[in-house]
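**Q** The residues making up each chain are set out below.
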Amino acid sequence: MNEAAIYHYLLRLADTSLTQSQRLAEWCGHGPFLEEDIALTNVALDLLGHAKMLYEQAAEISEQQLSADDLAFLRDVSEFKNPLLTELPRGNFAFTILKQYFVDQFHVLLYSALRHSMYAPLAHIAEKALKEVNYHLERSHGWCLRLSLSTEQAKMKIQEALDDLYFYTPELFESDAYLDDLQAQQIIPDLTQLQADWQQSVDVLLAECQLNVPKKGWLATGGLRGEHSEHLGYMLAEMQFLQRAYPGCQW
Amino acid sequence: MKLYEVFIRAKSGLNHRHVGSLHAADSHMALQNARDVYTRREEGVSIWVVEASAISASNPEQAESWFDPAIDKVYRHPTFYPLDKEVDNM
Amino acid sequence: MYSQGLKDAEGGQEPAGLLKAFQARIDKEEKIEPRDWMPEAYRQTLIRQMSQHAHSEIVGQLPEGNWITRAPTLKRKMILLAKVQDEAGHGLYIYSATETLGITRTKMTEQLLSGEAKYSSIFNYPTPSWADMGAIGWLVDGAAIMNQVPLCRASYGPYARAMVRICKEESFHQRQGYDIMTSLARGSAAQKKMAQDALNRFWWPALMMFGPSDKDSTHSAQSMKWKIKRFSNDELRQKFIDATVPQAEHLGLTIPDEDLKWNEDTGHYDFGDIDWQEFINVIKGYGPCNKERLRARQNAHDDGAWVREAAEVYQQKKAQL
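Chains as they are written, first to last, in the working numbering: chain A, 7 to 257; chain B, 54 to 143; chain C, -4 to 316.
A few of these clues could be false.
Claimed, not checked - DSBU-like, lysine-lysine: derived pairs with alpha carbons at most 35 angstroms apart:
| hint | chain 1 | residue 1 | chain 2 | residue 2 |
| --- | --- | --- | --- | --- |
| 1 | C | K102 | C | K70 |
| 2 | C | K222 | C | K23 |
| 3 | C | K102 | A | K161 |
| 4 | A | K134 | B | K138 |
| 5 | C | K234 | C | K26 |
| 6 | C | K313 | C | K102 |
| 7 | C | K286 | B | K64 |
| 8 | C | K313 | A | K222 |
| 9 | C | K26 | B | K55 |
| 10 | C | K70 | C | K188 |
| 11 | C | K26 | C | K163 |
| 12 | B | K55 | C | K256 |
| 13 | C | K313 | A | K161 |
| 14 | C | K234 | C | K15 |
| 15 | B | K64 | C | K26 |
| 16 | A | K161 | C | K23 |
| 17 | C | K313 | B | K55 |
| 18 | C | K222 | C | K15 |
| 19 | C | K163 | C | K220 |
| 20 | A | K134 | C | K163 |
| 21 | A | K134 | C | K220 |
| 22 | B | K55 | C | K188 |
| 23 | C | K102 | C | K312 |
| 24 | C | K286 | A | K161 |
| 25 | A | K137 | B | K55 |
| 26 | C | K313 | A | K137 |
| 27 | A | K161 | B | K55 |
| 28 | B | K138 | A | K137 |
| 29 | C | K163 | C | K23 |
| 30 | C | K279 | A | K137 |
| 31 | C | K234 | C | K313 |
| 32 | C | K163 | C | K313 |
| 33 | C | K102 | C | K188 |
| 34 | C | K102 | C | K279 |
| 35 | C | K313 | A | K221 |
| 36 | C | K23 | B | K64 |
| 37 | B | K55 | C | K102 |
| 38 | C | K222 | B | K55 |
| 39 | B | K64 | C | K163 |
| 40 | C | K26 | A | K137 |
No wet-lab data here; the hints were simulated from the structure.
Quick caveat, the model's predicted, so the values are computed rather than measured.
Kindly generate the complete structure, drawing on both the sequences and the hints.
**A** Listed below in structure tokens is the structure:
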């Protein structure tokens, strides 16, 4: 078993969920109405839980005997492996919801497949996470429809969000040498197939929403190589401040 | 946004109980919001939401004529029928 | 605690017979339910008290929500997120209970944003330090629990039931706050200093949460008669101090009150004078964060208008099909 590859992939997934959660958490106290405030923080909490499970598994197999907190709070931007999509600022509600939908659809397909991973700890985590991401998808899917098929103003905002986000999504399915190896060993599913399945569901939804799919944009890439947008640095500065300012403390 | 009343069945075998209310645009949203607000600590296996306007309620001012007669219909209560000790577990 | 700024509600010309029967029900510890007859003053007082309680929970999300993105560990982050989410949920339970009295959520939101309705004074103080998360959980939730447990036996059914639900969840809040303080107090010198500093800043505002002495308040007396207030402000404040001082001592932290002293005769702690002028200023809107808190709530409300509208229009369109 290629431990280095597994370690790399666990961090890829953990960083994705952590950064996604971090942006959602920014909505706390600022949601469009009370019930939705609670719902968004609920999703943030679930994703944080997934991140924690993934970091803990990575920590267990890490060569330097790191802890989950070490991985989350002491790695710099160039060591983070999330796709650029999840580090983008939270934006308005339409931006948040559409981004969430893209990630939820990805997670549902991914975790469904990962339940059958040849790497048991990952299969175990996927089994737990799937229940929650199914619910997340139901929610974000519903909101995409609500925003697209109601008022002109809402339609405009979600169209704008689609224009901004669409070309960040292919990166979710990007592969590298490590991930190629994991696919070959059936530890992770075929990413090309995953992408096709994802695209199929997304196409159906976007059509139902009567949104215009943008034709051209910059295809985001770099997360797997630790090459990020400017946004991640600010996010980590905020998130990691205490651990950096007071190194070696118990909290 | 409409007002919805929320009823939760905490565990199978129990009735749905009224736990409170919330606001939502439709029943779908109401169900999801109810799940997020009222079952955060695994307190539910089933949720009902009902638009508050759809609920009919008895009038508290008529309580006497509606509910009091049973007080003297004592023979409806099981304790009215004293049983021999041997079969008193009924 | 949530009756700050309340004046005596205007009484209607209600028949003495009905008032007497109502009081008799209260005296027998019967619960008053939404469509039961109740004096107008009872209804209005409850609406004010309960809505202010709900507003407090919602505004309370802000000083703590401030630290979610900066919590120092994954576990602390999760716990804080869960806690703040709980507060929002509590707000919802109480708004929902208040609506049974004939006021809408929209109206209550208007009252909060206009400044007509108050919320607990404590949330007008800033949380510049992580240790404030500990202090708030320990002291502010601690004070809230003192107030909320007796309210589980409030005379108004929906309020009492909401309180029961809330109390079940609240003790986790206080314990996580004290747990944070414990980690800090037993940590590095810098962490201990952080904890002491937070205690120094939140102690007096926490005591002010209970409100001024209500020895001379007719309003309090009426609320006690109607069992929507079960203990006096002074009683609750004393109880809080007596419980909390040993907790501070246990952590090696010093309560910022030179006059704090155990009184063997009374069996309680004597404590220093509270600066009620500060309290009055904060309630009137002149505290460190009043403007900021309301502005945040106003912005959320304004920014969310198009979302709420979209949800309603979507439902209307679907219903027409």
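**Q** Now look at each hint and say whether the structure bears it out.
**A** Quick rundown of the hints versus the structure:
no.: 1; hint: K102(C) with K70(C); in the structure: violated, 38 angstroms
no.: 2; hint: K222(C) with K23(C); in the structure: holds, 11 angstroms
no.: 3; hint: K102(C) with K161(A); in the structure: holds, 29 angstroms
no.: 4; hint: K134(A) with K138(B); in the structure: violated, 54 angstroms
no.: 5; hint: K234(C) with K26(C); in the structure: holds, 27 angstroms
no.: 6; hint: K313(C) with K102(C); in the structure: holds, 27 angstroms
no.: 7; hint: K286(C) with K64(B); in the structure: violated, 45 angstroms
no.: 8; hint: K313(C) with K222(A); in the structure: holds, 33 angstroms
no.: 9; hint: K26(C) with K55(B); in the structure: holds, 27 angstroms
no.: 10; hint: K70(C) with K188(C); in the structure: holds, 22 angstroms
no.: 11; hint: K26(C) with K163(C); in the structure: holds, 20 angstroms
no.: 12; hint: K55(B) with K256(C); in the structure: violated, 54 angstroms
no.: 13; hint: K313(C) with K161(A); in the structure: holds, 16 angstroms
no.: 14; hint: K234(C) with K15(C); in the structure: holds, 33 angstroms
no.: 15; hint: K64(B) with K26(C); in the structure: holds, 27 angstroms
no.: 16; hint: K161(A) with K23(C); in the structure: violated, 57 angstroms
no.: 17; hint: K313(C) with K55(B); in the structure: holds, 15 angstroms
no.: 18; hint: K222(C) with K15(C); in the structure: holds, 15 angstroms
no.: 19; hint: K163(C) with K220(C); in the structure: holds, 26 angstroms
no.: 20; hint: K134(A) with K163(C); in the structure: holds, 27 angstroms
no.: 21; hint: K134(A) with K220(C); in the structure: violated, 52 angstroms
no.: 22; hint: K55(B) with K188(C); in the structure: violated, 50 angstroms
no.: 23; hint: K102(C) with K312(C); in the structure: holds, 26 angstroms
no.: 24; hint: K286(C) with K161(A); in the structure: holds, 33 angstroms
no.: 25; hint: K137(A) with K55(B); in the structure: holds, 29 angstroms
no.: 26; hint: K313(C) with K137(A); in the structure: holds, 29 angstroms
no.: 27; hint: K161(A) with K55(B); in the structure: holds, 23 angstroms
no.: 28; hint: K138(B) with K137(A); in the structure: violated, 54 angstroms
no.: 29; hint: K163(C) with K23(C); in the structure: holds, 26 angstroms
no.: 30; hint: K279(C) with K137(A); in the structure: violated, 48 angstroms
no.: 31; hint: K234(C) with K313(C); in the structure: violated, 55 angstroms
no.: 32; hint: K163(C) with K313(C); in the structure: violated, 39 angstroms
no.: 33; hint: K102(C) with K188(C); in the structure: violated, 44 angstroms
no.: 34; hint: K102(C) with K279(C); in the structure: holds, 21 angstroms
no.: 35; hint: K313(C) with K221(A); in the structure: holds, 31 angstroms
no.: 36; hint: K23(C) with K64(B); in the structure: holds, 33 angstroms
no.: 37; hint: K55(B) with K102(C); in the structure: holds, 14 angstroms
no.: 38; hint: K222(C) with K55(B); in the structure: holds, 31 angstroms
no.: 39; hint: K64(B) with K163(C); in the structure: holds, 18 angstroms
no.: 40; hint: K26(C) with K137(A); in the structure: violated, 41 angstroms
When the structure is compared with the earlier hints, violations turn up for hints 1, 4, 7, 12, 16, 21, 22, 28, 30, 31, 32, 33 and 40 and for no others.
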